[in-house]
Each structure stands twice: as C-alpha cells, then as structure tokens.
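**Student:** Listed below, chain by chain, are the residues.
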Amino acid sequence: MAIIGRTGATPPDLTRVRPYGDTLDDGAVQLSFTLPVPFGDEAREAARLMAIGMGLTEPSIYHGADLGEGYSFFIVYARTAVTVDFTKVVVPKVEGRRMTKTEIDTFISEQVGRKLVLLGACTGTDAHTVGIDAIMNLKGIAGEKGLESYHEIEAHNLGSQVSNEALIEAAYRYNADALLVSQIVTQKDVHKTNLTELIELLEAEGLRDKLVVVAGGPRIGHELALELGYDAGFGPGTLAPDVAGFVAQQVVARGLTTRGSLRGGKSG
Amino acid sequence: MAIIGRTGATPPDLTRVRPYGDTLDDGAVQLSFTLPVPFGDEAREAARLMAIGMGLTEPSIYHGADLGEGYSFFIVYARTAVTVDFTKVVVPKVEGRRMTKTEIDTFISEQVGRKLVLLGACTGTDAHTVGIDAIMNLKGIAGEKGLESYHEIEAHNLGSQVSNEALIEAAYRYNADALLVSQIVTQKDVHKTNLTELIELLEAEGLRDKLVVVAGGPRIGHELALELGYDAGFGPGTLAPDVAGFVAQQVVARGLTTRGSLRGGKSG
Amino acid sequence: MGAASKLFLDESKVARARASASNIADSLTGFVRARTTVAVERTLLRLLGVDGIEDQGIPLPNVVVDQVARAGRLERGVMLPFCSAMAALGLAPQEVAEAAARGELDLGTWEIHNEAEARALGERIGADAVARVGRTAAERRERMARLSPPNETMLYVIVATGNIFEDAAQGKAAAVQGADVIAVIRSTGQSLLDFVPYGETTEGFGGTYATQANFRVMRTALDEVGERINRYVLLTNYCSGLCMPEIAAMGALERLDMMLNDALYGILFRDINPERTLIDQYFSRMINAHAGVIINTGEDNYLTTDDAIEATHTVLASQLINEQLAFRSGLQPWQLGLGHAFEMDPAARDGFLMELAQAQLVREVFPDHKLKYMPPTRYMTGNIFKGYVQDAMFNLVTAWTKQGIQLLGMHTEAMHTPHMHDRHMAIESARYILNNASSIGDEVEFKRDGLVVRRAHETVEQTIGLLEEVESMGLFEALAAGRFADVKRRRDGGRGRAGVVVRAADYFNPIEAGLRAALQLDANEASHGNHR
Amino acid sequence: MGAASKLFLDESKVARARASASNIADSLTGFVRARTTVAVERTLLRLLGVDGIEDQGIPLPNVVVDQVARAGRLERGVMLPFCSAMAALGLAPQEVAEAAARGELDLGTWEIHNEAEARALGERIGADAVARVGRTAAERRERMARLSPPNETMLYVIVATGNIFEDAAQGKAAAVQGADVIAVIRSTGQSLLDFVPYGETTEGFGGTYATQANFRVMRTALDEVGERINRYVLLTNYCSGLCMPEIAAMGALERLDMMLNDALYGILFRDINPERTLIDQYFSRMINAHAGVIINTGEDNYLTTDDAIEATHTVLASQLINEQLAFRSGLQPWQLGLGHAFEMDPAARDGFLMELAQAQLVREVFPDHKLKYMPPTRYMTGNIFKGYVQDAMFNLVTAWTKQGIQLLGMHTEAMHTPHMHDRHMAIESARYILNNASSIGDEVEFKRDGLVVRRAHETVEQTIGLLEEVESMGLFEALAAGRFADVKRRRDGGRGRAGVVVRAADYFNPIEAGLRAALQLDANEASHGNHR
Ligand code: B12
Ligand code: B12
Ligand SMILES: Cc1ncc(COP(=O)(O)O)c(C=O)c1O
Ligand SMILES: Cc1ncc(COP(=O)(O)O)c(C=O)c1O
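Those protein sequence lines, which keep their order, are chains A, B, C and D. According to the working numbering, the residues represented by the first sequence are 533 to 800, in order. According to the working numbering, the residues represented by the second sequence are 533 to 800, in order. According to the working numbering, the residues represented by the third sequence are 1417 to 1948, in order. According to the working numbering, the residues represented by the fourth sequence are 1417 to 1948, in order.
Calculated directly from the structure, the hints in this document are not laboratory data. Careful, some of the hints might be misleading.
Below, computed lysine-lysine pairings styled on DSS-like, alpha-carbon distance capped at 25 Å [unchecked claim]:
hint	chain 1	residue 1	chain 2	residue 2
1	C	K1863	D	K1863
2	C	K1904	A	K671
3	A	K677	C	K1904
Derived DEER-like restraints, expressed as beta-carbon distance ranges [what the hints assert, rightly or not]:
hint	chain 1	residue 1	chain 2	residue 2	range
4	A	G572	D	D1723	24 to 34 Å
5	B	K620	A	G587	14 to 24 Å
6	B	E574	D	R1847	21 to 31 Å
7	B	E574	A	E737	35 to 45 Å
8	B	V662	D	R1644	40 to 50 Å
9	B	K620	A	R786	56 to 66 Å
10	B	A674	D	R1551	46 to 56 Å
Where a beta carbon is used, it is the ideal one built from N, C-alpha and C, also for glycine.
Kindly generate the complete structure, drawing on both the sequences and the hints.
**Tutor:** Pasting the structure below:
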C-alpha cells in the first residue's frame, strides 16, 4: 500500500502548529455553546453556520439539546486551519530567580538589612481568603509554610473584603514594602476594575513607586498583572516563596532597601 | 441601581444570534483541542493564540494537561462575535408528508397498484447492520415495525459488507424500485467515497433515474445525501415509515409506478 | 436509626450529642431574647408594609429605624413610636415612613402621648402581619397540592448572572429541564450591607442583588413556568448577612420557599458580629417557620476552608447545634435543610467510601430532615470533564443515601458561575444517576466492621467530643477559638455589632409575640431539653 | 466462589453449566481436528519464516498454499511438498517461496520423491518454529520481570488512526499517561481478506491494517516507551477473521501480548463461515497459548445487537463455551480475557445494579481469568459529556468487581475513533475512580435476597437452560437458530468456506504436533470432561 501522511515519529513543523485529533495537522477542535433559538433542525443548522462563521471547516454537530424557553445547546466538532508559530511564542515570566525560604531570609538580611513588611488582602467585596491565607498564614499550603513564618518578613494578613482605601491606609500604618492583593471573583471582570482602582489610588497618593505591588488569584496571570500596572501576577499553585523571593529581589533591584516613612518620606 | 443589559424576557434579535453563556450576546463558547507541542507555559500561550487566531476574544485557558510525547491538551473558554441570521436559515427537508404504516400500504396499493421492491444494504466494508436492520427487518426499532412487515412492500435486506457492484446486481435480480444504503463508518470520509461510487455506477448503468436511491446512517444528513446525488438522506432516529413514505411518494411523483424490467426496460 | 441503622449507630451516642447541642442552644436563648437589632426592627416595618426608598436611595425601613436608633430609643422597639405616630396622624405605615423620609416627621424625637392606643394599634396591625406570613404558607400548600409536587430528592440549581431578567430566563429553562429548586445567588458584598437594595437590578458580581422586586420577578417567572410544566418550582434566596430578618420578611411576602439562613455562616465566612447575627437569626427563623420556608444551613462551607477528611465531625456538631437553634425558633424538622457536602480530595484513596459514610451518617442522625447536600467545589478545577465525573460520584452518593435537597454540582464550578447549559448538563447527569442507581441504598449493605461503618462511628465520637467542649466553653468562645471552619471569630469582632440593642423591660414587639404564639414557642420552650 | 460468593451462587449450578459447555466443546473436537484450512497452512509457512509479497502484492504464504490448494493437494498439508522442495533444492523456506512466486516452482505439481527426508526436515524446522514461539513468551516474562508489571486492573485503550505511525505516537502518549495495554484496531474489511496485507501502512478506515511490519512498528514504540516509564506496555491486535491463525503466528513472532481471538465473533459479526473459523481458531489458540498471549473473546459484542438486559445469559453461556474451547487449545485461565460488557440502556431504572450483578457474576464464575470488560458503546451518543459519565459508572463497576482488563470507554465513542486527548481523559477518569472507590467491593455487600443477587441467580438459570439447549441441538445449529447476538448464521453460509480441507490420513503438520506436545494437549484431552 502507498504510504501517505505521517511516517515515523516526525516532529510537527513547530512554525505552523495546528490542533491535533488523530492525524497530524487535522486541525480537530471540539466546541460547545448555546444559541438563543428554539431547538430543531434550524437551530442545528444555525450551530453549523456558527462554526463556519468562526472559520471552521467540516463542522459536525455531535449533539443538540433543547434547553427549553427558546434555547438550544450544541456540541460541535470541526477543523481549523489556523496555525500558531510555536517558535515565536514568548511568555513573560516573573523575573528573578526562585529561592527557598531559607535563601530568601538570608537574602533579605544580607541585601536589605531589615525586615520587609508585606501586607496581604483580599480586596473589594471578595471574601475568598483561602488563597491569600495560603500565601500569608503560618500554615501555608501543600506543606510550604506561609510568609508569617519568615524571619525577615513582617507579614500582615488583612483578610477579606478589604476596600482599596483601607489597604492603602494600612500601608501607611505598617509602613509597608509590598502589597499582596488577592482577587478570586472575576465575574464581569470585577477583578480588573478593582485592581485598576488600587493602582490609580496608589498613583494619586504617590505611593506606586515606593511599593512592590503584586496580584494573585486563580485567573490572574503575570501578563494580565503587568497590563494592569502590577509588578507581578501569581496564578494557581503559587507558593509563599514565589512571592517572597520576587518581592525581596524587587526591593533590592528598585533600590527600596532603605527609606523613611511612606507618609511624606521619599523612597530610596 | 441603573438597569443595564437585558430587561424582561426580551427575545434575542433573531437576525444576529450569538452564543449565550449567562448574558444575552456574550458569545460564550467552550473549546477543547490538543496541540502537538510540549506542555508548559508556552504551550498554554500557544493555545491562547490559537483561540485568538480563530477570531475569539478573551480566551481563558481553563485547563491544560500534559499528554506526554510532546502533546498538550487544553480546555478554553472564549467569546465569539460571529452572528448568524436565524431568520434566513433554511434547512432542506425530506419532501412529502409523513405517513403511518397503514397509510403507506394504502397509498401504495391505490397509487402504485403493485408491490414496491426495496433493497437495503450496508455497503463497502461497513458491517454495522443494526441501523439498516432497524429499518428493514420485521422487528423494527422503538416499537415501529420494519419494512418487511409492510403488505405492499417486498423488502430484501442484503446485510453487511455488500459491494456496490453486488448491490446493483441485486437490483437487477429483484427488479428493485429503491435502494436503501446504510453507511455508518465515516472515518476519512469513506462513506462519501462509497456513496459517490454507487451513484457513478448507477449512472453508468443507466439506472439512476429508474430507481429511488436513499442513504442513511448516524452521520448522514438529508443535505449531504442530496449533494452526493441521492434522493434523500436519513439520520439518527429514522423509523421505517419515514423511508417507506418517502419512497412511495417518490415513485408516484417520478412516474415510476409502472415499468418493465430494469435490465434494458425503459422506465415509466 | 437504631435497629434500622445501616451504620450500626449507637442511638444513645447520638442522643448524647444532641443533648449537648440542646444545652448549647439553651445557653444562648436568654442572651438572644434580651436583645433586638436594627435589622429586627426594620423587619417589623417591612412586615407592616413599609417599602421603598427615599431620594438618596436609603430604604424607608432604614430611615425610620435610624431615626429611632440615633435618638438612642430603640430599646423599646421601633413599633411603639411608629404606631403612636400612625395613630396620632391617622396615617398608614407607608405614609408614616414617607413622612419621616421627607423630614416631616422624626420618630427619634416623637413623643408617645398615646401609648395604650399605639400598643393596641400595634397589636392589631402586628396580628395582620403575622396572618399575612401565614397566608403565604397556605398559598404555597395550595399551589403544591394543585400542581405536582417536587421530586423526592429535590434538584437544586443556582442562577447567578447579576441580571435578574437573565436569572429569570435561566431559571425558567432550568425548571423546564427538571430542576425543582432555583436559587438566586447574591452579589458579593451584599451580605455586609446594613440595608436591602431596592428595585429590579441588572448588575452584580458573582450573583444578583436580593431585592424584593427581584424576588417578585423570579417568583412570577417560576409560577408561570410551574403552571406550564405542572410542577411547583421552588424559589430560594439568602437570608443571612446583616439583613437576615428583613430578607426573611421579604421572602415571606413574596413566597420564597427556601432560604439559606445561618448565623454561623455569616460569622465564619463574612466576619459578621456573632451577637448581632445570632439575634437576627432567632427572629428571622420565626418568620421562616411561620411562612413554611425550608431553611438551608451552611455547614457545607466549613469544608471549603477546613479539610473535609479531618473536619467531618465539625459539620455534624454544627448541624446538631443549628437544629436546636432552629427548633427554638419554631422550625419543624421538615423545614431543616441542614447543610453538608461532598468535599474530600478526589485523589484520596477510598475517599468515595468516606463520603458515603458521611452522607449516610447525616441521613441517619436527621431522619426527618430535608438535608441540603452540597457538591464538590473546593477540588473542582478548570478540567470540566473531570469535574463532571466528580459531580456524578456526588450524585451517586445521593442516590445511595437519599439526601433531600441535591444542590447540583456544576462542572465549571472552579471557573465561572453557571452558564445556561452547565445547568442543563448537571440536571441531565443527576437524573441519569438517580434513576440508574435508584435502589442502590436498599440493595447494598455496609460491612459491619468495615471502613464505612468505622468511619461513621469515629465521626460520632469526635462530634460528641467537640460538642461537649463547646458546651463547656460556650459557643461564642468556641467560635473565637476556631473550632469551626478553621476560622477564629471574636464575640465582639466583625461587622454590625453597633446594631445590637438591649431590650428595655417594656420593649414592644407584637409581631414577635404573634409569631411566638402562632408557633407555640412558649409552650415548647419548657420541653426543649429533650428535643427530638 | 461458593462460600465466598458475594452473590450467594450455588456452586453446583455453575458446575452444571460448565459441564454442558465442556460437552459442547468436546463435540467439536473431532470435527475440527479432522480438518485444516488454507489459513492454517499459510500459518505454518509464516512460522517457518516465509514472508514478503510477490510483484502483484500477493503474500508469499498465499502463493505457495494456493498452488497446493489449486492442485487439490492440501489434504496432506502444505509442509510435505514444501519441505520436500526445500530438501530437494537445498533452499531455505523463504527461497522456496520466492521461487514459487517467480513461477520457477509449482508446489501444486511438485512430486514428493523424498517423503521421509521431507518429513524429517519438517520435524526439525517445525521444532525450531515451535521453539521460536516459546522464546517470545520467555522474552516477555523476562522484560516484565525487569520492568514493573502492569496494573492489577489493566487499563486498555485503542488506537485506530489508520496510519501506523500516528498509532505509534498515540500509543506511546497513552502509555505515558498510564495505559497498560494498547490495542491497534483494524481497518474495516480486513477480517474478510483471505490474506494478510504487507508492510507499513498509513491508510485505513476505522482502524489500521494488521501487518507484520505494523506489529513491529508498534512493538518497537511500546518497548521504547516502556523502558522510559519503567513499565511493560502490552500490545494487542486482532487475531480473528479469515487470517486468524496467520495473525497468531505474526503476533508470536513480533511479541504481541494480547489478541482478540474468537471464532464466534467472526461468525456472528463478520459472517465468516462457522466451520472455517472454528478450525482456524483451534490452531490459532495453540499458538497464542504457547506464545503466552492473553486472548480476548468477543461476547461483549452480543450486547451491541441484542438487548443487554434481556441477553445477559447469552454472554455467560458463550463465555463458558469459549473457555472450554480455549482449554482444548492449551490456554490457561490467566490467558483468558473473556469478554463481557456494560451495555444496558442508561435510562433503565436500576440498570446500574443489573450491571453490577452481571459483572460480579462473571467475576465469580471465572475467578482466575483475566476478563475483558467492555465499556458502553451502544448507548453512547454524541453527547460527549453524558458519555463521560456513563464511562465513569462503568469504571465504578470495575472498581467494585475487579475486572482484569478494563477496556476504557471513550466519551466520543458514538462519533469517532479516539482522538489523542479522548484517551487521556478516559485514563484520567478511570484512575480517579479506581483509586477513589478502590475498596468498595470489599466494604459493601449485596443484600441476600436483593435485586442484585436475584438478577445473578436468574442469569445462571437462563445460562444453564441455553447451554443445555445448545448441547442438545449442537453449536452449529444453535448459531443457525440465532441463539447468540440475535443473528442467524448457517453452518454452510458465510465467507471462507472454500478454504476448508479435510485432512488426509497422512496429513503432515509437525508444528501442530510440536505445539500439542509443548502444551501437553494430548495428555489433557482425556481429562476435559471435568475441566475446572
Ligand atoms: C472556597 C470557596 C468559597 C468559600 C470561601 C471561603 C473563604 N474564606 O475563602 C465560600 C463558601 C465562602 C464562598 C463564597 C462565595 N463564592 Co466561592 N468559591 C470557593 C471555591 C470552591 C474555592 C476557592 C478556593 O478556596 N481555592 C483554593 C485556593 C488555595 O486557591 P486560589 O484562591 O486560587 O489561591 C491560590 C492562587 O490563586 C494564588 N493566589 C491567590 N490569591 C493570591 C494573592 C497573591 C498576592 C498571591 C501571590 C497569590 C495568590 O495562590 C493561592 C495558593 O496557591 C471556588 C471554586 C473553585 N473550586 O475554585 C468558588 C468561587 C471562587 N466562588 C465563587 C462565587 C461566585 C462565590 C459567591 C459570590 C457566591 C457563591 N457561589 O456562593 C460567594 C460569595 C463570596 C464573596 N463575597 O467573595 C465563584 C467565582 C466566580 C467568578 N469567577 O467570578 C467560584 C469560582 C465558584 C463558582 N463557579 O461560582 N466561596
Ligand atoms: C454496534 C457497533 C458495532 C458492532 C456492529 C454490529 C452490527 N451487526 O451492526 C460491532 C461490534 C461488530 C462493531 C464493529 C466495528 N465498529 Co462499530 N460501533 C457500533 C456502535 C456501538 C453502535 C452502532 C449502532 O448499532 N447504532 C444503533 C443504530 C440503530 O443506529 P444507526 O446505525 O445510526 O441507525 C439509525 C439511523 O442512522 C438510520 N439509518 C442507518 N442506516 C440507514 C440506512 C437507511 C437507508 C435509512 C433510511 C436509515 C438508516 O436509521 C437507524 C435507525 O434509526 C457504534 C458507536 C455508537 N454508539 O454509535 C460503533 C461505531 C459505529 N463503530 C466504529 C468502528 C470504527 C468499528 C470497527 C471498524 C472497529 C471497532 N471499533 O471495533 C469495527 C468493524 C466494523 C465494520 N467492518 O464496519 C466507529 C465508527 C467511527 C467512524 N465514525 O468512522 C463507531 C462510531 C465507534 C467508534 N467511535 O469507534 N461496531
Ligand atoms: C448559609 C449561607 N448564607 C449565605 C451564603 C452566601 O453568601 P452571601 O451571604 O455573601 O451572599 C451561603 C453560601 O453558601 C450560605 O451557605
Ligand atoms: C473477538 C473480536 N475480533 C475482532 C474484532 C474486530 O473486528 P475485525 O475482525 O473486523 O477487525 C472484535 C471487535 O470488537 C472482536 O471482539
């Protein structure tokens, strides 16, 4: 028989990567969505047209269901011709090297020469503290102790539903080096609104440059955080040393090691 | 509070229907696919770019998994701006009215005046007979008896793995009125190849116009069948009366009620 | 339980745990009954029919109560000055409130010249209010009798779009798909508001504001669809947070059928002041009791912050306390949707058996109760397919142990509030499993000395230990010591404490009295020691 | 079984069923042993090392056997003329075959002048061939001992891209993800070919051609990944259809570890002539037995055409027959992956309990056997989410009843052969459930007079009834009467009957004799009546 298609373990062409079902470059993707139209053959056809509208070819309606009240749900398989040049993909990564708890404590005592003050808070109306607790509290998560356990860090966990104003207020009170903001609820992009507001307030107060400000949460990526004006963003699976190491290195890199009171005092 | 968004049970604008997650016109779609690239942040970013390449906005990588051997699986949610004009959707439907078994028998005896000869077969290398059996055999499916139970139909089920040549041969032998072709295996579009070949052979034999030729199977739609040169296509959930009614009406409509032997004889 | 116990439970141990819980509840009664709160007083006004907002958007019940509170005169209750003004001015409740809002009347400085008359009027309109609450229960009963009743295991789904009109559309579709109960999730933050927002709302985050108008939109929608599908569709909202009793009142007026109603939840998860919310709860539950509302408690949430494998017994202990507190407010066992959850790490070896043990245990300890069983949330991930299977295993436990209120898991739980079809898929899967494994609980037995039985027995022991500890240290102290949900809450901490007021000897609250009478609470109080 | 039976099975009833099956098997032995087929003869050549195709693409084993068959001389076997030519011409097996292909030699007309010499040579090279098959088993044992063994419940997944190189990539990824067994599904139509395609292939429909080169591509890929993950990865293919014994030989040479090997499947689902394939099977199973291959039987398929709730007993009856037939060819219980399936309508009330009954019953009737448990296929739909849950319930039954070979269900089963991640998701879900409900079978008991136990007992009764009927009417007649899979197959119908040849008295087949000796078949034959 003639040999066609892939032969041997040929690696794909990484400059034009396509989705893969069972044949290299078949472009197979699965979709599901609901259309606000009553169920029936026309709805099914509309689902097909929707897939075609998305530039997909050979759409196949695997499943359709009547959701009632004029809504229809579809599961569709189709092919895409879109390619991604994988050799050009660049992902911004949190700068600095990853350090262990002991290394961080040593680093701070040697390079900063004083305890760093870190404030954590779950801001806005968000009350999901499990994530920020995992970073801040002694107990930590996954066997990795939180910032409260660091010798060279004075960690304050302000808890949940902290308004941005209250956070800034606390920054003055504790004379903080860094703010660690957690945002879990993301519906209607409320996290973006919230995070943006904090940066604006900090800038208005002239504090932005004097503080390391980082954000975290399950749907916060480093890139998004940078976009919103943060120094870094930390997603799911973050452990205390990830943040502590970053903050410590930032403080040094940005020359924030010595400075007076935030209120009025000039940084550096 | 200000009222924004949908108020009341306003029906969507059917001329520009978009997918619906939890807010009218949010365009929410779920996707999943595998990329032939090693798992990691770059793969995740490639998945995001893939979604963007498909014209989707706000792609959010819900899940990524390392499949090993340089493959990565992703589940993505995103939004599409594509709209479908639902008011313009037209779905070709099998012609004729739906009749019951009794109505069909009466129709044939009154309008045709002789028994119709119907041949069923699962062609090519396809051995999935459950579908064609459900249509042809006495037992039927879902409580609806098959064509063998019709007084005015002489039904022959040729079974599985019948070559197109053998089917035509049988058409001559039984002096058939209609061919009922089942195709279940669709990988690499083998059903299309197979179905097309039958039509070509029928045309070469000068039989196409003398016969009602229909196709069926879980991934056969009426539209596809028409495209491939069939008189109708029958998908999942088809019952015997659907086919029998169609064939009977076609025979009458196309003036095939009286005619001599297929071999040589002229139709009509 | 007992002889029929599939877990071979020792009845006397369960009785011991329950006795402890009863003592804990009793130890609170004196404290609670001696106090009122701004929310309780606002509730009275709402029950009298006061509604609406003034031009700054402040709800009229707040306007009135604030006047009285600011004047330091809330210790006798808002109804005394309010009814006095009504009588004196010949105004209806709403008119008095509006006058106050326009600044034409200050109930803080209002002189009560007509106390006897005011009290008599108060008794009268109070009795009407109590009757109105009772009529809701009657109307529900009547509708349920006419339409077919909900499924034995009620399928409960949430809507949470932020826009009440979307919620209505989604709720109706869910009902058509087979849901028995539609819960509208509240926007983040509402529970900390010391007022109830007003009107129909179309914005919210992670949920939709609970307003009376929104209740009405949903009720109308679900009644409409219920007639169509010939099944009574239950409506749920949140009766907790700083406006707990007000929402109970709104729910009674708009015929909500179920309420998440749990002070412990507010304390632990919203940092609401413990005293405030326990007082609020006492009254809110009387309203719910009389309105025939099923309450849901929030113990399931403990397992979102604490480890479900370690902390199972905290759930059971809290349920027993909550049960006794509920009885003190006149709720019946069938009205108790005590919360628990399927929240163990799916990677745990034999975790499924431990979940079974827990669910069966709760079922047996509370045989006549509704039980609200919560799906996996904590260990749900963005892997929606795996999540769909986790939810299926949860549904299987319900089929097995016959929980009353099945809060359907959403495979997208870790990521977004449910989309239209998420709910559809959840319902489809639950129906499949509840039917396909329908009799499993009757056909299969736990090995007498096996893992399931041992686990349940251990949990009972730990529960007794914890309850006896709480009994001896006091509930407020136990909360402060972090005994529940791995969270510490001080008695004097949290939000809303300023709203607590010690009642004067001549505190006037005919509605409470009416409810107590209707619920036969005073008769029952003596016998609480041996409740159930 | 017996005392330890969780289903309270009556051992004597099972013994009665087994005795019936044994009689059925015995009644075939005489018929089968008196015949050979073109496929059996081609197999001998393959085992001697004949391989390759002539210029029209016809495999050399076919060329040689066709010459002999066309001359009507196959009744003494191909090896006599073949070895005679080898001896006379001083050629190696492959050289003889190539000469025949080039037309330089016609084994149909070849005169056997040197019969004694030919037989002696046949004995010698036949013994080598048998030894080579044995060495495969040894090599597998050695590799398994060095690497860690597969999981107790082996996770079995299919690859079916049509392109062997895609299959290799997908199979390796699946192994990394945790699969124990990789099966390459065959292209539709191959089973009806009376020859084995040659070389590496990259086209196929619904599967990939089974060729010796393809076997080698997969074996190499899986050995490579096995070393990397330090676990022996098993390779499976299809040893059924018209080339059943040839594929057994190819598998023995390329170290396949498992083979779908079932004449009944071919008869019922491929309309292969019953006589032909039972004769082929007898020999193919000897090869599999000696090569240490686990065979999988195809009873699961019955439930794709017949109703699984009604026809459960047909599966058990056929398994018992298949067991006895397998024993007759020297297979050991651990080599028997008897097929059954989770194929009941998911809409059936308590269907899950019936599935449990069936799976536990099969487990108890075949305690030392591997058992191949097939996932839902018939009731899978394009609703991939629901399908994922159906597969989860299937996995739970396996956790509960400890099946040996878990053929993982694919949520996309109704629509396409598995995509890369379909397999990943299937493995992920199976691992979750097998771990999370790991001890469920030990911790939970079926009620003595309950639905599960009653269902199992009924199935045993029906099985006895069916087997006694088959025993009295004969297997060929039972197949013709549609007793299995709701399909009727006549003894003289179907494909490949022309390839059956009655052996002459001096039929020569030293390889068969060698296998019989190695497997101690003649010693065992006497004792078959009381097998197990
Ligand atoms: C536990 C939980 C709750 C608990 C919270 C208890 C508590 N004290 O935190 C309770 C029950 C109270 C609750 C309530 C609500 N919840 Co909730 N909840 C969850 C749940 C199940 C788990 C969240 C969690 O604890 N994850 C575990 C932690 C460890 O992970 P993490 O937060 O991602 O944190 C890690 C990283 O992100 C990072 N990180 C996080 N923050 C930070 C900050 C910094 C500086 C750094 C460096 C790193 C970092 O490090 C952490 C450790 O690795 C999720 C669903 C899910 N499975 O994710 C829903 C979820 C978050 N909740 C949700 C909602 C909507 C609510 C409610 C509004 C309504 C409701 N469903 O009841 C209420 C109101 C809450 C409010 N006002 O905010 C939604 C949010 C939807 C969205 N995307 O907008 C979710 C996704 C569920 C859903 N699908 O509806 N919830
Ligand atoms: C049963 C089954 C088998 C049985 C078939 C037994 C038999 N005698 O039919 C067995 C076990 C033998 C089998 C074998 C194989 N199968 Co198979 N099988 C199925 C299965 C589980 C169900 C099919 C079925 O019976 N459906 C029920 C009938 C009633 O529905 P239906 O066919 O759609 O028919 C209805 C309508 O479509 C319509 N209709 C159908 N035909 C016609 C014709 C006319 C004229 C009309 C009017 C109407 C009509 O009316 C019918 C009644 O309503 C499907 C998966 C699934 N769940 O669908 C896989 C499936 C079809 N099989 C598949 C494959 C690949 C195979 C194999 C090649 C490999 C393998 N997986 O083992 C082999 C080889 C078969 C071959 N040579 O063709 C694939 C096909 C993939 C693809 N899309 O190409 C599927 C989808 C499974 C999979 N994901 O791998 N299979
Ligand atoms: C008892 C109870 N109240 C309230 C809530 C919801 O929180 P909020 O009051 O902030 O809307 C929950 C959530 O699960 C709950 O269990
Ligand atoms: C025993 C057996 N043989 C063969 C097959 C596959 O069919 P084919 O031989 O057509 O490849 C199956 C499919 O399930 C089977 O069970």
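**Student:** All hints, please: hold or fail.
**Tutor:** Going down the list of hints, with the structure as the test:
no.: 1; hint: C/K1863 - D/K1863; in the structure: 11 Å, holds
no.: 2; hint: C/K1904 - A/K671; in the structure: 14 Å, holds
no.: 3; hint: A/K677 - C/K1904; in the structure: 19 Å, holds
no.: 4; hint: A/G572 - D/D1723: 24 to 34 Å; in the structure: 30 Å, holds
no.: 5; hint: B/K620 - A/G587: 14 to 24 Å; in the structure: 20 Å, holds
no.: 6; hint: B/E574 - D/R1847: 21 to 31 Å; in the structure: 27 Å, holds
no.: 7; hint: B/E574 - A/E737: 35 to 45 Å; in the structure: 38 Å, holds
no.: 8; hint: B/V662 - D/R1644: 40 to 50 Å; in the structure: 42 Å, holds
no.: 9; hint: B/K620 - A/R786: 56 to 66 Å; in the structure: 59 Å, holds
no.: 10; hint: B/A674 - D/R1551: 46 to 56 Å; in the structure: 55 Å, holds
The structure is consistent with each of the numbered hints, conforming to all of them.
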